[in-house]
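Asks: Listed below are the residues making up each chain.
Number of protein chains: 2
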Amino acid sequence: MNFAIGVDGGGTWTRAVVVDQDGQELGRGETEGAVVEAHDPTSSVEAVRRAVDRALMNSSLSTPADILLAGLSGAGNDVAHTAIEDALVKSQLAERIIISTDVEVAFHDAFGFGPGIMLVAGTGSIAWARRSDGTEVRVGGWGQHIGDEGSGYQIGMEALRCITRAEDGRAGPTALRDTILRHLGLEDIQGLVGWIGMASKREVASLVPLITEAAAQEDPVSKGILELAIQGCRGHLEAILEISGPWVDQPAVALWGGLLSSSSGPLHDEILSIVRDHGLKILGRDPDPALGAARLALEQGLSNRQ
Amino acid sequence: MNFAIGVDGGGTWTRAVVVDQDGQELGRGETEGAVVEAHDPTSSVEAVRRAVDRALMNSSLSTPADILLAGLSGAGNDVAHTAIEDALVKSQLAERIIISTDVEVAFHDAFGFGPGIMLVAGTGSIAWARRSDGTEVRVGGWGQHIGDEGSGYQIGMEALRCITRAEDGRAGPTALRDTILRHLGLEDIQGLVGWIGMASKREVASLVPLITEAAAQEDPVSKGILELAIQGCRGHLEAILEISGPWVDQPAVALWGGLLSSSSGPLHDEILSIVRDHGLKILGRDPDPALGAARLALEQGLSNRQ
Chain A
1 MNFAIGVDGG
11 GTWTRAVVVD
21 QDGQELGRGE
31 TEGAVVEAHD
41 PTSSVEAVRR
51 AVDRALMNSS
61 LSTPADILLA
71 GLSGAGNDVA
81 HTAIEDALVK
91 SQLAERIIIS
101 TDVEVAFHDA
111 FGFGPGIMLV
121 AGTGSIAWAR
131 RSDGTEVRVG
141 GWGQHIGDEG
151 SGYQIGMEAL
161 RCITRAEDGR
171 AGPTALRDTI
181 LRHLGLEDIQ
191 GLVGWIGMAS
201 KREVASLVPL
211 ITEAAAQEDP
221 VSKGILELAI
231 QGCRGHLEAI
241 LEISGPWVDQ
251 PAVALWGGLL
261 SSSSGPLHDE
271 ILSIVRDHGL
281 KILGRDPDPA
291 LGAARLALEQ
301 GLSNRQ
Chain B
1 MNFAIGVDGG
11 GTWTRAVVVD
21 QDGQELGRGE
31 TEGAVVEAHD
41 PTSSVEAVRR
51 AVDRALMNSS
61 LSTPADILLA
71 GLSGAGNDVA
81 HTAIEDALVK
91 SQLAERIIIS
101 TDVEVAFHDA
111 FGFGPGIMLV
121 AGTGSIAWAR
131 RSDGTEVRVG
141 GWGQHIGDEG
151 SGYQIGMEAL
161 RCITRAEDGR
171 AGPTALRDTI
181 LRHLGLEDIQ
191 GLVGWIGMAS
201 KREVASLVPL
211 ITEAAAQEDP
221 VSKGILELAI
231 QGCRGHLEAI
241 LEISGPWVDQ
251 PAVALWGGLL
261 SSSSGPLHDE
271 ILSIVRDHGL
281 KILGRDPDPA
291 LGAARLALEQ
301 GLSNRQ
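Residue numbers (the working numbering), protein chains in the order written: chain A, 1 to 306; chain B, 1 to 306.
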């Protein structure tokens, strides 16, 4: 085996990591998001290809790799899984292609094949746990329409709903009105109705920094929206702890996703203290899902050779 | 003038009423809903044509009428307004076509050119008022993504969200889970995620009877969902009263839409008592928007001849 490639494709980023047969990182590249669309996996494949090209840029390696494992948001859906698998096989980026989800590869980076709990809050939200006996359970992850509590998408949507209610006089005014209209280049709330009819989940979630800034400046509506998101994350955490338990040794919790990142996640500190209030250990670093994917690829490749 | 046609096209029904030049009803017909889609008004036009054909079925009249006024849900949007207007002109159902909204024609039936307040809760929701000086104001009507509080769409969406939360153990169990899965012919909650990704606003709102039945059988989750919808309607009512006031004489309130209908609306009684608690008069009948459209057509036609 010459080298393996791991890919993490979420709503915001697609990242690729190249490793040698000992799991040592040889290169890394990133490009825009690549949520899998079942009816057209083309843009996902192109994002994966660009990230891989960038990861190989400063090395003497060239594709096909021995194996590529891609953990992609949206690939939990069977139809999407098959569509992206077929398309990546045709891409000839590697001799062997394995499709997984972004959550699974992040979890692998955090806990390997061991037990643990991962709370995810980025564009979407989900909680995932592996018990000591190896069985896995999840909470949330029901998608933007009827799930994603505590996610960036929920924060963005709540902001827009609060703006319309304020416009009507059904709720107090909020600084978000002018900030968000200006950010989107819209004249009025009617324009917002048109925008939201076309906006992607990622575009809605990209409003989060406007809400965290307004909250930092004491906008009460924005503070309420963030509090709602914190309660959403808390709900996921408490439910996953309940259904994955009872635990003999308290499990470690990994926090992942843009809202929970230790460097810049706006909800990181609050969720960290909720985790500690539950007497749980915290994984002392952010998961590196692309590296998790690369190492999982290696495990698969090696175990196949035995 | 031989005859005028009024059309009311909402999420659930398209109704047409034919009147003579004195405003006397000559016929009436109905077919499925006809919310205007800007990119393709064809299905709206076909629904209008079918409703008109049925209204004329037992008369000796035939199109083109002198004038047709269609109050269509979705026609408040400029692009959609133009698209449906062009398409109806080509349809040759009448010498002259006027496009309005379903809310406007319902309001006209309720209050003519006079003042009043109309609270709407059907597939969507909105409140509309005309002050004594003739100026008009609205509350809500921001659409399914960031508005429609107190609507059938909101009730349906909340039901699905409660089901996913219950499935995770993030909230108490609800009878809605089995009822709704069975109703939709789905095996599990994952199927629900697929369904909601494709479902129309009307399909979501059509779940309402399942929730009202479960509430009648004391399902606490369903009762909570209906209470949330009542608060949504209350919010619309109180805001429209505030921004349309101060009123010298307390205005009458018309209740319209499937949730508020006096014969079968599941929220009718609760909202009626909220209206009375505010010391407001109630319009003693359900608006007849297609007749309102026909009479408005007549007014337009006659005033043009003078």
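Don't take every hint at face value.
[As the list claims (entries may be wrong)] To give an idea of the chain B side of the interface with chain A (calculated C-beta under 10 Å), a few residues:
hint : residue
1    : V139
2    : I146
3    : I163
4    : R177
5    : G197
6    : S200
7    : R202
8    : A239
9    : I243
10   : P246
Everything labelled a hint here was simulated from the structure, so no lab data went into it.
Ideal Cβ positions, reconstructed from N, Cα and C, are used throughout, including at glycine.
Asks: Taking the hints in turn, state whether each one holds.
Replies: Results of checking the hints against the structure:
1. V139: Constraint on V139(B) satisfied, holds at 4 Å.
2. I146: holds (4 Å)
3. I163: Holds, because the Cβ-Cβ distance from I163(B) to chain A comes to roughly 8 Å (cut-off 10 Å).
4. R177: violated (13 Å)
5. G197: holds (7 Å)
6. S200: Since the shortest Cβ distance to chain A is 13 Å, the answer is violated.
7. R202: Constraint on R202(B) not satisfied, violated at 15 Å.
8. A239: Holds, because the Cβ-Cβ distance from A239(B) to chain A comes to roughly 5 Å (cut-off 10 Å).
9. I243: holds (6 Å)
10. P246: Violated: closest Cβ of chain A sits about 14 Å from P246(B), beyond 10 Å.
Comparing the model with each numbered hint stated earlier shows that hints 4, 6, 7 and 10 do not hold.
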